[in-house]
Each structure stands twice: as C-alpha cells, then as structure tokens.
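Participant: Read top to bottom, the protein sequences are chains Z and E.
Note that our numbering has the first sequence beginning at 1, numbered continuously upward.
Note that our numbering has the second sequence beginning at 1, numbered continuously upward.
It cannot be assumed that every hint is accurate.
Derived pair list, reagent style DSS-like, types lysine-lysine, alpha-carbon separation capped at 30 Å [as the list claims (entries may be wrong)]:
#1 E:Lys168 / E:Lys225
#2 E:Lys127 / E:Lys183
#3 E:Lys168 / E:Lys246
#4 Z:Lys59 / E:Lys354
#5 E:Lys183 / E:Lys246
#6 E:Lys89 / Z:Lys245
#7 Z:Lys245 / E:Lys86
#8 E:Lys81 / E:Lys354
#9 E:Lys89 / E:Lys291
#10 E:Lys168 / E:Lys354
#11 E:Lys246 / E:Lys225
#12 Z:Lys245 / E:Lys354
#13 Z:Lys92 / Z:Lys198
#14 Z:Lys245 / E:Lys81
#15 E:Lys354 / E:Lys127
#16 E:Lys291 / E:Lys86
#17 E:Lys225 / Z:Lys59
#18 E:Lys348 / E:Lys225
#19 Z:Lys245 / E:Lys183
#20 E:Lys153 / E:Lys269
#21 E:Lys272 / E:Lys153
#22 Z:Lys245 / E:Lys348
#23 Z:Lys245 / E:Lys127
#24 E:Lys272 / E:Lys225
#25 E:Lys348 / Z:Lys59
#26 E:Lys272 / E:Lys246
#27 Z:Lys59 / E:Lys183
#28 E:Lys153 / E:Lys246
#29 E:Lys291 / Z:Lys245
Where chain Z lies over chain E, by a calculated footprint (3+ residues, C-beta under 8 Å) [stated by the list, open to error]:
#30 79-88
#31 232-240
#32 243-249
#33 348-362
Non-contacting residues of chain Z with respect to chain E, defined by C-beta distances greater than 10 Å in every case (computed) [what the hints assert, rightly or not]:
#34 Leu104
#35 Gly135
#36 Ala184
Read the hints as simulated data drawn from the structure, not as lab findings.
Computed from a predicted model, the values in this text were never measured in an experiment.
Ideal Cβ positions, reconstructed from N, Cα and C, are used throughout, including at glycine.
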Amino acid sequence: MTLRDWVPIFALLVPGLGLILVLIGSVVYVAVAQSFGYYALLGQSAFSLEFWSDVFDRKLFSRAVRYSIYVGFWSAVLSVALAYPLAIWLRKPFPGSIGLGALLKAPLLVHGLVAAFLYINVISYNGLLNQFMQGIGIWSEPRRLQNDPNAFGVLLLQVWKNMPFALLLLTGAVQSISDDILDASRDLGAGPWARFCKIIAPLSISGMQAAMVIIFIGALADFTFQTTVGPTNRQSMAQLMVSFKSRGDWHSAAVVGVSLMTIALLGSALLAFTSRVIMRGGLR
Amino acid sequence: MFKKILAAAAALGAFIAPVHASDLSDMSWNEIVAQAKEEGNVTWYVWYLQDDFRRAISSFEDEYGIAVRIPDGDNAGNSQKMLAEKDRKTGDIDVFAWGYDSFETVELSTLFNSLNNLPKDDGRVSKLAGVDGGDHVLAFWGNQSGIAYDPAKVSSADLPQSVEDFAKFWTDHPNKFGFNYEKGGSGPSFYQNVLRNVAGVDFTNGEVSDARLSALQPGFDFFNKYAENYIITASNVDNINRVSDKELWMAPAWEDHLAGLQNRGEVRKEIKFYIPEMGMNGGGNGVAIPKNAPHPAAAMVFVNWLTSPDTQTMFNRDFGTAPMNAAADDSAALVPNEQRAFRQSWGKQPFRSKVEEAFIDNVILER
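Can you build the whole structure from these sequences, using the hints too?
Facilitator: Here is the structure:
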C-alpha cells in the first residue's frame, strides 16, 4: 500500500483512535507520571519511587486491595449466577414475559446513590426492617445493620444494580441458541443440567464473559455504595484514592489509581479466562 | 475584518481588565467601596453551607448593590483550584475560605493580598487556634468540637469528662458511643485528644519522628482495649443523625453543625452539646483574597462585611458559630462560656497527619 492509500484509512481511524489515545491515554499518562512524582501541584516535580514504596508499605493499601477484589469478584459472580436462570427462563416468550423482563431490568434506570439511600432507609436503626421485625415480635429491640463489617450491604446493592445488566447480555446470548440444537440434545437424552453445561453455557460464554468483566471492573472501583453503606473499618481502592486526593496527596492517589487500573486489567483477564475454562469443563 | 476583531478584543480586554490589589493600596476606604460598586460582583469560594450562605449574604447585596456568587465545590476542590490557578494573571476567586489551620500550610504573602486597607476594627480575629493569619487572613467562622448527647439517656451530671470517664461509659453502655475517623473533624478531634491525654504527646509540636509516633502506642492500646464497646461511624453528620435517631447516646459533633441542623429542623432540638474537661479541638475558618482576584475591591468590602460585629452576631444566631469579632453578641451559643476553657488547638502539621495515618493503621484496621 502506498502513502496515498494509508491517508484515508488513517483519517477514518482518527475519530476513534483520537478519543482513545488523546482523552484516555492522556489521563493514564498523567496518572502514571504523577505516581512517579511528576506533575506536583505543590513542590518540586521529579522522578521518585518514594510514593509507590510508601503506599505499598501501608496496611491500609493492602487491605483496600483485598477488599476491592472481594467486592469486585463476588459482585460479578453473584450477578451472573442470578442472571443465568432468569435469562434461560425468559428465553422463550410467554404471556407477560416482556413486562417481567422490563421489571427485572428496572434497576438499570435507578442511580446507585438513590438505591443506596433507599437501602439505608430500609435497614437503618429505626428503618422499615427493624420496625417490621419488632412488629412481628422476632426482635425485641432494633439491631444495628448499617455499615456491616462483611460488606453484605455493598454486595446486595452491587448485585441489585448489576444483575439486570448481566441479564441483558445473557438474554441476548441465550436467545441466539437455536431451538434445533436444544431439541436435538433433548432427543439424545440430555436433562436440564446437562443441556446447560454442554449446550447453553459453551454457546453463551462470550456474553457471560463480557458481563463478568464489565461488572468486575465497575464493582472493583466502587465508591458510591462503599461510602454510603460499606463497612467503616476498611476502604475500597476508589475511596482510598479520593481520601489521599482530599488531603492534597495527589501522588499517593495516583499510585492507588494506577494500581486500580492494573488490577482491573489483570483481574478481568483472569476472570474471563477462568470462567471460560470452568464453563467449558476444563482446558481444551 | 481581522483588524476589527483584534481591535474589538483589545477594547473588550481593556474594559474587563481587573483592578489589582496593588491599585487599592493608595485608595481611601470610601474610594475602595466606590470601586467595589463599579466592579459589581464578588465570587466567594466557600466549601460548606453554600445554600445557607447564599441566603445570609442578601443583606450585603442589599447594602452595597454588589452581587455575591457562591459556586458549589468541596474543600479539597476549592483549595486545589486556588493553588492551581495561582500563576494565572486573573483568577476566578475573589474571596477564598479555608480552615484556619490550612492557611498554615501555604506561604500567605505570596498567595494573598494584604488586608491592611480594611477600616480599623480591633475586634477582628487574625490569630486563631495557634495560627497567625497576619495581614492576609481573617477569621469569619468560629467552631468548636465537643460531644452531642441525648439528655433523655445521659444526665448532665453523668457526662464523661476525662478519658477514664469515657472508658467507663463505654463499658457501662456498650455501643452507645460512636465516632468517625474520616469525613469530618469531630471524630478526629475526639480521638486525638484521647491520644494526647493517654500518651502525653505534645500535639503543638509538628515535628515527625519515629520516637514521637511510637509514644502514641498507649493511646492506640486504649482504643483497642475497648474496641467492642464503641462503634465507628461514617462521618460528622452520621454521628449527629445516629444520636437524633436514638441509636447512639453520645457522639462527637461540631457546635455550629449541630446548631445549624437543629435550626433547620433536621435533627431533634432536645440534643445537647458539651465540651469535656479532657479537651476537644476548636478553631475556625478564615477568608483571604487571592492576589489574582478579579474583583479585589469588592472582595475587600465583602471581607469587611463578613468579619463585622453585625454579621458575626447574625452567624452566631443563625448558625451557632463562635463569633469572630470581639464586639459581636454570642448569646445564642450552645455551650456556656466557661466550657470554652477546655478548648484545644488542632495538632500541628505534619505530625497531625501522621497521627491520623497511624490511628487508621493501628486502631481502625485492627477492628
């Protein structure tokens, strides 16, 4: 190809590539540079590994990493695990299935912060749940349910918010499986579990992987749910990053930000690979 | 055409070019007020209670005919903006509000205009909580941290006053006391004063050393010993909400914050407030005029109004602040004057930040 051939191709690619390289690339570049001591808001900008070493030495950071991975992993797994049976159930239309599908996807329209505050109203000390449990005589006094130390509240909200997204992707993947294939497997004696393992799962694996990866990345970087209903004795990575930033420590915030991006990249690749291996019944 | 555009731009530039502070130094106060009215508006960067301040400044707007704009923004965002645009010829900030101790972290004379041109008023406060604002910063908001409590659960005679009293309260009433370690300073004020009392470390010294940080260990041990008997809350407002909801009986709070919430009917009026004898931190917020303020005369007039006895009396009445002008009336405060003797200053930086990090690592993460 000549230069003349390349010019229109390059021109056509510029809008997409420009968005990625200039907008995203510049942000990533600044974050990486800042984590190594450049772009100092105050003081001298110079190369330094001090910020990486200081942040990595802190227990706060290692705990935030473990906690964010915990939230990201379980949010992805639980959302997909709940969405799969629903997607299979809604695969063939039945009276009311469209309305039901729309209802299940309703959480996509509700902002996470709104959901978090609604959840607090339900579980707070004088909230609906405490009032109900006391009203029916199961609890004698209100219980403290807010900011639970195992982050069950955060996981509940993550699954509530992300399950419809997984359902959206999986419904499309499951509906694309031909009836003929499922009928053939049924004729050959495959039960529901065998049909899921040997037909549905392998043929919908791309949708499942996409759902897992996108939910994992979003939940890994959770800030809203964590700061509203999350445990008070640990911080998510996004929360830690904001906490450093609010103290004016942009370099440490950048270290956490770059770590978050790296974990999101590696974690989602590992999650996609592992889920593929499991759904296909092993390495092959 | 191009020449016309250039000429128009130059004319417009001349028209909107700000009058810089250096031009004010030779002006009388009346001339500054006249200049301020010509400028016509002032932008005040303050990070809290913006809606309330927008209402409160109406008397200034009526008196001077100068419009006040208060943009939304948080503390960190505002301060980063002020620092980031310090080298611009003309910035966006006319009057900048900041925690008084935060002003200590920057070079005042390089960032802010002198306030020497204000009319003489010996009642104004430029030294607060161990920080000297000199000619560049004036306090406009006095605040005091203490303990909010539910008088239906704790009588005033039984209020914990010392570290030992708090330990006894925690043991006698498990999980009825909570404090935050982030998102607000009331909890940090509480735990830092407990650390100061238990470990005997001098917080007025900002020097950081391993020996000084290690000396805090008895304080961390104290918190860990009673860890099952108190709870960690999410923020300043969470503390007050939980006392108002009767979940907690006591929690650290800011006097002005509690008074504001009570005045707006957002929490119960019955909640009371006191400063324990072991001491809790007090201080306030100040205002300064950045060197590149676009409306320096209007900013000067606004700072004069903000720190005047009348405005400080109004803040005390409406927001429950400690007045920052000696001539103001402080009769609407939540605590009697004798309790103000227990006020402590915030620990000096950078030691205080290191203590906060160490507290998270040694107490919060051990839970």
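Participant: Next step is simple, just say for each hint if it's right about the structure.
Facilitator: Verification of the hints:
no.: 1; hint: E:Lys168 / E:Lys225; in the structure: holds, 12 Å
no.: 2; hint: E:Lys127 / E:Lys183; in the structure: holds, 26 Å
no.: 3; hint: E:Lys168 / E:Lys246; in the structure: holds, 20 Å
no.: 4; hint: Z:Lys59 / E:Lys354; in the structure: holds, 14 Å
no.: 5; hint: E:Lys183 / E:Lys246; in the structure: holds, 21 Å
no.: 6; hint: E:Lys89 / Z:Lys245; in the structure: holds, 26 Å
no.: 7; hint: Z:Lys245 / E:Lys86; in the structure: holds, 19 Å
no.: 8; hint: E:Lys81 / E:Lys354; in the structure: holds, 25 Å
no.: 9; hint: E:Lys89 / E:Lys291; in the structure: holds, 9 Å
no.: 10; hint: E:Lys168 / E:Lys354; in the structure: holds, 29 Å
no.: 11; hint: E:Lys246 / E:Lys225; in the structure: holds, 25 Å
no.: 12; hint: Z:Lys245 / E:Lys354; in the structure: holds, 16 Å
no.: 13; hint: Z:Lys92 / Z:Lys198; in the structure: holds, 19 Å
no.: 14; hint: Z:Lys245 / E:Lys81; in the structure: holds, 13 Å
no.: 15; hint: E:Lys354 / E:Lys127; in the structure: holds, 25 Å
no.: 16; hint: E:Lys291 / E:Lys86; in the structure: holds, 8 Å
no.: 17; hint: E:Lys225 / Z:Lys59; in the structure: holds, 20 Å
no.: 18; hint: E:Lys348 / E:Lys225; in the structure: holds, 27 Å
no.: 19; hint: Z:Lys245 / E:Lys183; in the structure: holds, 13 Å
no.: 20; hint: E:Lys153 / E:Lys269; in the structure: holds, 15 Å
no.: 21; hint: E:Lys272 / E:Lys153; in the structure: holds, 11 Å
no.: 22; hint: Z:Lys245 / E:Lys348; in the structure: holds, 20 Å
no.: 23; hint: Z:Lys245 / E:Lys127; in the structure: holds, 28 Å
no.: 24; hint: E:Lys272 / E:Lys225; in the structure: holds, 28 Å
no.: 25; hint: E:Lys348 / Z:Lys59; in the structure: holds, 24 Å
no.: 26; hint: E:Lys272 / E:Lys246; in the structure: holds, 13 Å
no.: 27; hint: Z:Lys59 / E:Lys183; in the structure: holds, 20 Å
no.: 28; hint: E:Lys153 / E:Lys246; in the structure: holds, 9 Å
no.: 29; hint: E:Lys291 / Z:Lys245; in the structure: holds, 25 Å
no.: 30; hint: 79-88; in the structure: holds (count 4)
no.: 31; hint: 232-240; in the structure: holds (count 3)
no.: 32; hint: 243-249; in the structure: holds (count 3)
no.: 33; hint: 348-362; in the structure: holds (count 4)
no.: 34; hint: Leu104; in the structure: holds, 31 Å
no.: 35; hint: Gly135; in the structure: holds, 17 Å
no.: 36; hint: Ala184; in the structure: holds, 56 Å
No hint from the list above goes unmet by this structure.
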